[in-house]
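Asks: This is what each chain is made of:
Protein chains: 2
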Amino acid sequence: MKYDNRFLSIDFETGGLPDALKKQAVFEVAVTEIGIAVIDIEKLEIIDKYSCLFKPYADDLIYQPKALEVSNISIDLLEKKGLEMKVAFEQISNFVSKHFIGKKKPKIVGHNIIGFDMDFVQNLWELNKASIDKYFDIVDIWDTMLMARLKYVDGSMSLPSVIERLSLENKQAHRALQDAMITAEVFINFVKSLRGDGIASKKEKRFRENFQF
Amino acid sequence: MKYDNRFLSIDFETGGLPDALKKQAVFEVAVTEIGIAVIDIEKLEIIDKYSCLFKPYADDLIYQPKALEVSNISIDLLEKKGLEMKVAFEQISNFVSKHFIGKKKPKIVGHNIIGFDMDFVQNLWELNKASIDKYFDIVDIWDTMLMARLKYVDGSMSLPSVIERLSLENKQAHRALQDAMITAEVFINFVKSLRGDGIASKKEKRFRENFQF
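These protein sequence lines are chains X and R, in that order.
So for the first sequence, our numbering puts the first residue at 48; every next one is plus one.
So for the second sequence, our numbering puts the first residue at 48; every next one is plus one.
Careful: at least some of the hints might be erroneous.
Identical copies go unnamed one by one, so any copy, or any two together, can satisfy a pair.
[Claimed, not checked] With a Cα cut of at most 35 Å, we get these calculated DSBU-like pairs of lysine-lysine:
(1) K150 - K239
(2) K69 - K150
(3) K239 - K133
(4) K49 - K90
In case anyone wonders, no lab produced these hints; they're calculated from the structure.
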């Protein structure tokens, strides 16, 4: 059985933290930006990307000044450059659909995706009256923060810390696309580690093939 | 933040496949045996184990002859050596509780655990009117079959195939404890791969320490 699902690394910038605020993601706490980086799981390469800002899409949405500051996204920027929710969701869902391979739906990757971003994914689909199951294979969701905990056991598992531990470079943190891209790189790095033996034995094999007497 | 949850590798032998039979795990499709191997996630060692057979615990439970054959467990064996459900669950839940570290509940590992065994875990707890959330941290469940797919991309991801690919030895397959133990070893192997860099840099560090001029 060939493993040809694509993996979509997803990151959101938002108007706040739903858990801390005890408010619902998307419906109450605004989504301001989405970033998606697409991983080819066989080649372990980033092969596509998508990002957009969301124009304020309802009254009474929560935009906490602190949250906007972290991502350096102002309401003004959203008003000027943001897409209408309907247009944004059409683009996003088309982008996801583009990365089906036959009937195989993409899987989801993210840093702290289980603890944070999945609520935004789910509610973004719900707000747009679409069924998430039709777009993603959500049997297994890969959270690089949880993978990092397996790898490092202790210390900070934040994205900047993990990037530093892996000696990866993060050019512009806290914008959705950059964070999605770097998370994709973290995931690729982890899967390469998992494949360590396979790579070694391929090299070894090639060595032996080249040195036959 | 120290990562001191223990990881419990869990495997069930059963009277059949609930999905294929369109019947409920535990309530309709009998559980015949459970095996648990406990992993220390820091040391990556198996530190404890538990296993028991279940005496038939209701009328009309499904025990398919083929399923019993695969695990080499007969109804006769269950009648003679099986524990009463109440006693079995008391032992199992006590065993799980023993592996809390402070308030940190164990996490679950298994081969095809998401596609198969989790239904048995959940329904075993439900049948015994206990809340699974109080015993396990089920935010992240680690399925070695899904990890193997990341590692190998194609080919069979069955436990025997993965064992063979990793050159591990499986002494007696298809009994719950042996499968739980070998799955724990597969998981340990995968996490060691993930930690590969850390090990390398430790070695390198030691090398440098020994060769200071």
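Asks: So, for every hint listed, does it hold in this structure?
Replies: Evaluation of the provided hints:
{"no.": "1", "hint": "K150 - K239", "in the structure": "both (26 Å within a copy, 34 Å between copies)"}
{"no.": "2", "hint": "K69 - K150", "in the structure": "between (37 Å within a copy, 24 Å between copies)"}
{"no.": "3", "hint": "K239 - K133", "in the structure": "neither (38 Å within a copy, 46 Å between copies)"}
{"no.": "4", "hint": "K49 - K90", "in the structure": "both (13 Å within a copy, 34 Å between copies)"}
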